[in-house]
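Same order as they appear, the protein sequences are chains A, B and C.
Per our numbering, the first sequence starts with residue 1, numbered consecutively.
Per our numbering, the second sequence starts with residue 1, numbered consecutively.
Per our numbering, the third sequence starts with residue 1, numbered consecutively.
Hints in this document: simulated from the structure, not taken from any laboratory.
A portion of the hints provided could be inaccurate.
What the hints assert, rightly or not - If the Cβ cut is set under 8 Å, some of the chain A residues that face chain B in the computed set are:
(1) Phe31
(2) His33
(3) Phe51
(4) Arg95
(5) Ala100
Stated by the list, open to error - Pair ranges (Cβ atoms, derived):
(6) Pro14(C) x Asn7(B): 30 to 36 Å
(7) Ser177(A) x Cys185(B): 51 to 57 Å
(8) Arg162(A) x Gly178(B): 36 to 42 Å
(9) Gly178(B) x Thr192(C): 50 to 56 Å
(10) His13(B) x Gly6(C): 40 to 46 Å
(11) Arg108(B) x Arg108(A): 42 to 48 Å
(12) Gly6(C) x Ser2(A): 50 to 56 Å
(13) Pro198(C) x Pro150(B): 37 to 43 Å
(14) Ser186(C) x Pro150(A): 51 to 57 Å
Unchecked claim - Here are some chain A residues pointing at chain B (derived, C-beta under 7 Å):
(15) Thr54
(16) Thr89
(17) Pro94
(18) Leu99
(19) Val128
(20) Val144
(21) Arg147
(22) Thr188
Where a beta carbon is used, it is the ideal one built from N, C-alpha and C, also for glycine.
Residues per chain, in single letters:
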Amino acid sequence: MSDAAGNPAPFVHPLALVEGEIGAGTRVWAFAHVMRGACVGRDCNIGEHAFIETGARIGDGVTVKNGALIWEGVTIGDGAFIGPGVVFTNDRAPRSARLAGVARSRERWLVPTVVEDGASIGGGAVIVAGVRIGAYALVGAGAVVTRDVPPYALVRGNPARRAGWVCRCGEKLAVCSGRATCAACSATYIITEEGVQPCP
Amino acid sequence: MSDAAGNPAPFVHPLALVEGEIGAGTRVWAFAHVMRGACVGRDCNIGEHAFIETGARIGDGVTVKNGALIWEGVTIGDGAFIGPGVVFTNDRAPRSARLAGVARSRERWLVPTVVEDGASIGGGAVIVAGVRIGAYALVGAGAVVTRDVPPYALVRGNPARRAGWVCRCGEKLAVCSGRATCAACSATYIITEEGVQPCP
Amino acid sequence: MSDAAGNPAPFVHPLALVEGEIGAGTRVWAFAHVMRGACVGRDCNIGEHAFIETGARIGDGVTVKNGALIWEGVTIGDGAFIGPGVVFTNDRAPRSARLAGVARSRERWLVPTVVEDGASIGGGAVIVAGVRIGAYALVGAGAVVTRDVPPYALVRGNPARRAGWVCRCGEKLAVCSGRATCAACSATYIITEEGVQPCP
Numbered sequence: 001m002s003d004a005a006g007n008p009a010p011f012v013h014p015l016a017l018v019e020g021e022i023g024a025g026t027r028v029w030a031f032a033h034v035m036r037g038a039c040v041g042r043d044c045n046i047g048e049h050a051f052i053e054t055g056a057r058i059g060d061g062v063t064v065k066n067g068a069l070i071w072e073g074v075t076i077g078d079g080a081f082i083g084p085g086v087v088f089t090n091d092r093a094p095r096s097a098r099l100a101g102v103a104r105s106r107e108r109w110l111v112p113t114v115v116e117d118g119a120s121i122g123g124g125a126v127i128v129a130g131v132r133i134g135a136y137a138l139v140g141a142g143a144v145v146t147r148d149v150p151p152y153a154l155v156r157g158n159p160a161r162r163a164g165w166v167c168r169c170g171e172k173l174a175v176c177s178g179r180a181t182c183a184a185c186s187a188t189y190i191i192t193e194e195g196v197q198p199c200p
Numbered sequence: 001m002s003d004a005a006g007n008p009a010p011f012v013h014p015l016a017l018v019e020g021e022i023g024a025g026t027r028v029w030a031f032a033h034v035m036r037g038a039c040v041g042r043d044c045n046i047g048e049h050a051f052i053e054t055g056a057r058i059g060d061g062v063t064v065k066n067g068a069l070i071w072e073g074v075t076i077g078d079g080a081f082i083g084p085g086v087v088f089t090n091d092r093a094p095r096s097a098r099l100a101g102v103a104r105s106r107e108r109w110l111v112p113t114v115v116e117d118g119a120s121i122g123g124g125a126v127i128v129a130g131v132r133i134g135a136y137a138l139v140g141a142g143a144v145v146t147r148d149v150p151p152y153a154l155v156r157g158n159p160a161r162r163a164g165w166v167c168r169c170g171e172k173l174a175v176c177s178g179r180a181t182c183a184a185c186s187a188t189y190i191i192t193e194e195g196v197q198p199c200p
Numbered sequence: 001m002s003d004a005a006g007n008p009a010p011f012v013h014p015l016a017l018v019e020g021e022i023g024a025g026t027r028v029w030a031f032a033h034v035m036r037g038a039c040v041g042r043d044c045n046i047g048e049h050a051f052i053e054t055g056a057r058i059g060d061g062v063t064v065k066n067g068a069l070i071w072e073g074v075t076i077g078d079g080a081f082i083g084p085g086v087v088f089t090n091d092r093a094p095r096s097a098r099l100a101g102v103a104r105s106r107e108r109w110l111v112p113t114v115v116e117d118g119a120s121i122g123g124g125a126v127i128v129a130g131v132r133i134g135a136y137a138l139v140g141a142g143a144v145v146t147r148d149v150p151p152y153a154l155v156r157g158n159p160a161r162r163a164g165w166v167c168r169c170g171e172k173l174a175v176c177s178g179r180a181t182c183a184a185c186s187a188t189y190i191i192t193e194e195g196v197q198p199c200p
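Just chain A, with the same shape it has in the complex:
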């Protein structure tokens, strides 16, 4: 099926809840929820039990695996991969909004998080509010990200630390004299103290 302009219609599983905006070709699976005011781009795949809150923004071509939890304040770039059970957060010092005697302004607690284009977050990783995960970075499964992740970086552990660099295709790069050629796809990179740059 497609619309009048020839764009493929989105698919929404009968057991999904979609109240927000989803782009052409995007599929949303059972028990997932895209809230009103959430924005999901084209050609995305939103897995079962995933949750995308009002105010969250997701680009085009993004894979959101099952059970991932994406809140207001989170922005995800094109082509990113959000693994199964990934937990975002948007508050660095959460308290119950119903806790007697404690009042916290929205400005105080709502902290934005960004995942840049092409980045991947492995299954079960936890993203502390306020970090930026750079383009094509790879967050290892189960990592707890507490600081910014540079583009093309591989990070692992709790707290997550850099364990190398990866290619745009995901393969780990072997760096030699400030250069690297991907063993899988032959892309080449220059690595400096400022980070990784693909060769033109």
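Using the hints, position chains B and C against chain A.
Same frame as chain A, now just chains B and C:
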């Protein structure tokens, strides 16, 4: 809507399952399940995909975020915050109940866990059965709690270790000569070897 | 209820999705999904919000707790325990299948994972693709398993490291002069550099 005594009625999303007891003003969202014999207090918010098992006890004013899993043996105090994807456990050495040749009594495996009033557990944290998380403590996102957490303590990591103290409002406290004044809300505390006490 | 051969019928909660094969006596709870082409054995218990993908294989007598995510490429032996919120993975360097300019063959990314008979995986643990978790091993809650786990081993942490040995019944073993007797069930074991063997 309210009952004859003027208490606001609870709200149950049409796609939630609520068989247990929930208090006035409590809301339960889609795909969440409060089992028969679970007890949830007043003015709570139970997020989507959350699960509250028979025998679990949750106080008043508690926030349970999406996908949190709360079992028999777990008791949660008033005003606590249970973050998204938080996993409780109630058995320190689990085996399948259907594992041939292994019989384990309920007394042996069912270990109680307590979260005291006003405590917060960050997203994706895992709580090993048998611990007590003290009042107003803050468990960092992705932490794995294996031991008791004192009141007002901030803990992080796997296993979780103490990384400071927090105010009742959630702000980290700067301790000086055994005293601390919260930079956010001006509450004052005395810190001794026994822990933190709010000044009267 | 039972079939003509006297086998107890499986139970499927009205809010579960079961398209795959499930054995006699197996129960599947609300908001869980067993996909077409997934294979689940007899007498299993599949908790709420669990997800079992096409191609996953689960033995007999397995407990899959709530929210566990089990993918193609994962094989789980008889009598295993998969804790709440456990996240398996099947790709060591995931990228969105919709990421522009990146093509990855199925042979490259799909990595098999095995959980042997009687093993237990604690709540919230994350299993990196490609590992083998040995028979009766015990993965601690919140562990991130990045390497093979020997039979009867207890592992914890991120990354998971060996912290002892456990009995078939789950109890931690006190090893003395290369031998151990379980304090709970009196089973006896010989421990060598090659690992643990039950005494005949």
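Going through the hints against the structure:
| no. | hint | verdict |
| --- | --- | --- |
| 1 | Phe31 | holds, 5 Å |
| 2 | His33 | holds, 6 Å |
| 3 | Phe51 | holds, 5 Å |
| 4 | Arg95 | holds, 5 Å |
| 5 | Ala100 | holds, 6 Å |
| 6 | Pro14(C) x Asn7(B): 30 to 36 Å | holds, 31 Å |
| 7 | Ser177(A) x Cys185(B): 51 to 57 Å | holds, 54 Å |
| 8 | Arg162(A) x Gly178(B): 36 to 42 Å | holds, 38 Å |
| 9 | Gly178(B) x Thr192(C): 50 to 56 Å | holds, 53 Å |
| 10 | His13(B) x Gly6(C): 40 to 46 Å | holds, 41 Å |
| 11 | Arg108(B) x Arg108(A): 42 to 48 Å | holds, 46 Å |
| 12 | Gly6(C) x Ser2(A): 50 to 56 Å | holds, 53 Å |
| 13 | Pro198(C) x Pro150(B): 37 to 43 Å | holds, 42 Å |
| 14 | Ser186(C) x Pro150(A): 51 to 57 Å | holds, 55 Å |
| 15 | Thr54 | violated, 13 Å |
| 16 | Thr89 | holds, 4 Å |
| 17 | Pro94 | holds, 5 Å |
| 18 | Leu99 | holds, 4 Å |
| 19 | Val128 | holds, 5 Å |
| 20 | Val144 | holds, 3 Å |
| 21 | Arg147 | violated, 13 Å |
| 22 | Thr188 | violated, 35 Å |
Checked against the numbered hints listed earlier, the structure breaks hints 15, 21, 22; every other hint is satisfied.
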